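All chains, full assembly: derive it from the sequences and hints.
Chains as they are written, first to last, in the UniProt record's numbering: chain A, 1 to 112; chain B, 1 to 78.
Simulated from the structure, these hints should not be mistaken for lab results.
For clarity, every value in this text was computed on a predicted model and none was experimentally measured.
Some hints could be false.
If we take Cβ atoms under 7 Å as the criterion, some of the chain B residues that face chain A in the derived model are [to be verified]:
hint	residue
1	L19
2	R26
3	T34
4	V55
5	I67
Selected chain B positions facing chain A (in silico; Cβ < 7 Å) [what the hints assert, rightly or not]:
hint	residue
6	T2
7	S6
8	E54
9	D63
Where is the CB? At the ideal position from N, CA and C, for every residue including glycine.
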Amino acid sequence: MVVLENDAFLTSLTLMYQKARLHGSVRVTLKRYDGRTKPVPRVEAAANKEEPEYSCIFRATLASKKISTIVTANALSEFQAAFSSTIRSNMDGLKKQKKSKGKRKSKATATQ
Amino acid sequence: MTFIKSWEDFEKAAEKLYLANPMKVRYTMKYRHTDGALVLKFTDDAVCLQYKTEVQQDMKKIDRFMINLMRHMVSSDK
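Here it is, written out as structure tokens:
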């Protein structure tokens, strides 16, 4: 698992999406992250004093290639806008739904 | 686990699951360009919610949901 900077993550993610155009699928996971890399020790779990600072971790997978990035609260709005536009421009294989108005009408008339 | 048919049901169930235990849940979206399909999964390793779409229009809702989720995740309240 490679932890990247936010910008580098998005660039790599775009590359992943382009690679997956022919075959394969890209998986992006989002999870809350409190900065721990080790399990909570039992003693501390009982005490549980201070609130950790939360951020979120993004992971992306294409076949065996894995990348990840940690987005802090300060960087969120910037990252979120960039991320949205990245996935929007890359997930363009979805169908455009046609307005079903005409279809529904014809169905209705057929059943009448 | 089967797919949830309606987006509203998925969104509601996901929100409930997240609020029950914010540290435990993860949200995954899998996109297959060759199939033109996007599968969303929301799980805390006990309950698993899935939603599948092939329609472009759903992207808007999904995007809004994700932004909401991110905001919740970085905010300090439980």
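| message | Need the list of violated hint numbers for this structure, in ascending order. | response | Per hint list: 1, 6 and 7 violated.
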